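Engineer: So you can see what is in the structure, the chains are spelled out below.
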Amino acid sequence: MSQTVLRGVNIVSGYGKLQVINGIDIHVNENELVTIIGPNGSGKSTLIKTMIGLVKMFSGQVFLRDHDVSHLQPHEIIRTGIPLGYVPQLANVFPSLTVEENMKMGFYTKKWDADYSKNIDKMVALFPILGERMDQKASLLSGGERQMLALARALMPEPDMLILDEPTAAIQPNIAEEMLQLIVTLKKELGIAILLVEQRARRSLELSDRGYVLVTGEVAATGPASELLAEDKIRKLYLGVRDRNENNT
Amino acid sequence: MVLFSFDIFSHTGLALIYAGTLIILTIGLNMVYSVLKFSNFAHAEFVTAGMFMSWWVLQILTFAIPWDTTGEHLINNLFIQATFAFVMVGIIGVLGEVLVYGRLRSFDASSRSFTVASIGIGLIIRNFLAMIFGNFPQHGLGGTSTPSLPFNLNFDIKLQFIRRHPIFGSQGIFITSFQLLIIIISILTVVVIDYVFKKTKFGIAMRATSDSFELADVCGINTKRIILYTWFLAAGITGMGASFVRATQARFSSLDGFFLLLPIFTVVILGGVGSFRGGIVAAFIIAFSREIALIVLTEIQKPNGLEDTIEQTLGFTVTFAPAYADAIAFVVLIIVLLVRPQGIYGSVEATRARV
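So the protein sequences, as listed, match chains A and B. Numbering of the first sequence is given in this note's numbering, commencing with residue 1 and proceeding in unit increments. Numbering of the second sequence is given in this note's numbering, commencing with residue 250 and proceeding in unit increments.
In silico DMTMM-like pairs for lysine to aspartate or glutamate, Cα to Cα no more than 25 Å straight-line:
1. 450(B) / 115(A)
2. 17(A) / 357(B)
3. 447(B) / 113(A)
4. 233(A) / 218(A)
5. 118(A) / 145(A)
6. 448(B) / 135(A)
7. 111(A) / 76(A)
8. 56(A) / 160(A)
9. 450(B) / 121(A)
10. 110(A) / 121(A)
11. 448(B) / 115(A)
12. 286(B) / 463(B)
13. 56(A) / 357(B)
14. 137(A) / 443(B)
15. 137(A) / 101(A)
16. 447(B) / 121(A)
17. 450(B) / 101(A)
18. 56(A) / 463(B)
19. 17(A) / 463(B)
20. 448(B) / 121(A)
21. 286(B) / 101(A)
22. 551(B) / 256(B)
23. 110(A) / 30(A)
24. 447(B) / 100(A)
25. 450(B) / 158(A)
26. 111(A) / 443(B)
27. 110(A) / 443(B)
28. 187(A) / 30(A)
29. 137(A) / 166(A)
30. 450(B) / 135(A)
31. 448(B) / 113(A)
32. 450(B) / 100(A)
33. 110(A) / 463(B)
34. 448(B) / 101(A)
35. 473(B) / 76(A)
36. 122(A) / 100(A)
37. 111(A) / 101(A)
38. 448(B) / 132(A)
Note that these hints are calculated values from the structure, not bench results. All of these numbers come straight from a predicted model, not from anything done at the bench.
Generate the whole structure from the sequences, applying the supplied hints.
Structural biologist: Below, the structure written as structure tokens:
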């Protein structure tokens, strides 16, 4: 039985007095790719923002390995010592910083020494296009390159856990597919636990190990991705009946 | 042959001093502008507060260390006053963040709210200072005192080589040691702050915070602390600069900072928000254009000048007082906003962020 990296217990959260998440249990094991799908406004992004500390949690608990990180600020969670990467959906790079400085920010909590330059080399090997543009400002990058940079920044501290909020949103379909393949490769080769929120529900479920279907802030269905894909009700409601070349759900 | 009826070198010296003053007082505003993305009108009162604080420490030390009979080394030392002003004004800046701006930020107020709040904070600080220290301290009534410099730095620079040369005028450059200090320290401070902003971890964290609070937070940056440091540094440098500026003035009042606010803003916008080196260039442009306007207005006012001509030919009087030269900052500000709103070295982001 593999160990749980991230676990949320009975999470209730929202904005101000508006409750968005109504008690959700979720966990991600080591070396596992977990996808959260659901219609717009179901609370997918809010759920992961709550777990990382960006949205105030009304009640419930969040554990990062053995650490109780409930009600901590994001920077306090990052400083627990368990490397964690988070890529938000919008504004996922620092536009006025150069590409290299963006990567440095991923390494902020550690000393900028040999490890740092080693990891930079790794990232450049992974994303050669970023290596050519190290001194350019991130605001000059295209949508796809920004996503790559955001992912590179999140991978800089060699994370145990990676949380990705719609990494394929607003980029070209072929690059989006590359991105998903890359995420699967990361899981397989580096053994990173990955929590993915995705609009391309069917494609991402095909690649994942497990899935959660969120509806109005509650888990409507959960289980191995293959089972979710096979279930008729979910296929009709959330995956849509479309041909194989779907771009979006 | 008298080519110029005015003294070029004397005016150059005055422009240099004005530029130095602007440079050192601009750094703090530029920092707040680029990191927190709003126009801090209370910056004027950081200047005023710096002047009062540097004068206040003199009063405190006079009682605290009476054995320093000459007062040259500790009681009335410019650098001690500057340090004290740095710390005290820095604390005022931090207080503003803790009491007002931080609360505004917690419910996502727009940058307009921040700007309006800063006007209010400015009024509070200015009137509070006037209440405690008196509104218009006059010379000889404790309003000012010339601080002393350690290490026997008290010298006046007066370039003699062009003296009594009919072409260039007769006075030469005259800069006191305090004014020389302002110019040197302002440029040094810009170089240091520019390095900190561009190269150090703290500087990159500040810029990251200015781009996105949330993203900086999930990178492990304690954004609240970074903002507090930014306020402390910005207000502190302004207070330190103000204490140097005070040393060059015969008297100072609670309105001094307010009168400097407009040229300071012009320098930030002309140089480009977030560009400290651009601020140096902009400060020289503003200072020299003000000096040129001063010369032109003086020429117009001379006997048989334009003012006399208008009076004789048109029959009514139009006054061109040299004091109008201060309005040159307005003119430059309007031209810059119309022609090149991002400033000399500004980036597109800075323009978009402007209110």
